[in-house]
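> Take these sequences, add in the hints, and give me the full structure.
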Amino acid sequence: SQKIEQNSEALNIQEGKTATLTCNYTNYSPAYLQWYRQDPGRGPVFLLLIRENEKEKRKERLKVTFDTTLKQSLFHITASQPADSATYLCALDRGSTLGRLYFGRGTQLTVWP
Amino acid sequence: DGGITQSPKYLFRKEGQNVTLSCEQNLNHDAMYWYRQDPGQGLRLIYYSQIVNDFQKGDIAEGYSVSREKKESFPLTVTSAQKNPTAFYLCASSIVPGENYGYTFGSGTRLTVV
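Chain order of the listed sequences is A and C. Residues in the first sequence are numbered from 1140 upward in steps of one, following the numbering used here. Residues in the second sequence are numbered from 2 upward in steps of one, following the numbering used here.
Note that these hints are calculated values from the structure, not bench results. In this text the structure is predicted, and so the values were computed from the model without any measurement. Even for Gly, the Cβ is constructed at its ideal location relative to N, Cα and C. Check the hints yourself; a few may be wrong.
[Said to hold, decoys possible] Selected chain C positions facing chain A (in silico; Cβ < 7 Å): (1) Gly17; (2) Pro40; (3) Gly43; (4) Val53.
[Stated by the list, open to error] These stretches of chain A come out as covered by chain C in the derived footprint (C-beta under 8 Å, 3 or more residues): (5) 1176-1182; (6) 1242-1248.
Structure follows, in structure tokens:
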């Protein structure tokens, strides 16, 4: 089955800096990769999706890259704010009709003033 | 506003008791999913359904059962056969399985065995 590793359990950065989170996967290459944000006691919220034939995707202060050779995705939050503090989850899919996602354990981001 | 509603938010189960977690969506999504989340672990898929009256086991289906009699509803029953049911349960839906759309999640049900 697919194995997903997110770089670290916790990342602490200062407000205004760029946060970079890593997602590595093994085995087969996904058709697309998704990033979610999860706040304590809440369900994950979908942020961005990037397809295997896309190198980069942007949405406001968020940027995702996808390197199928390295089997890695990087998730960047520029000009980070304390409100960005949350756990960020990486999820992979094979693009099959099953539509199921495999989730990483997440990286807890804390942005301090 | 459209979304997914999970109820109850907190649920307490006695040993040997079956309990049912509710999941309702008004997004007109075809696919629905149940995940379990434990501290320090990623979300693990319990069951999923692509269409009404059809569902498939995920990675950890033992001790759980589901039904999909209506497009809007996908209830999960945690049976007494589930030996370690204490966890955070998340229901999700997506427009069409396999398409490039993100999941919409509910706010979760926290189940505790007492």
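> In ascending order, which of the hints set out earlier in this document are inconsistent with the structure?
Numbers 1, 2, 4 - these are the hints that the structure violates, sorted from lowest upward.
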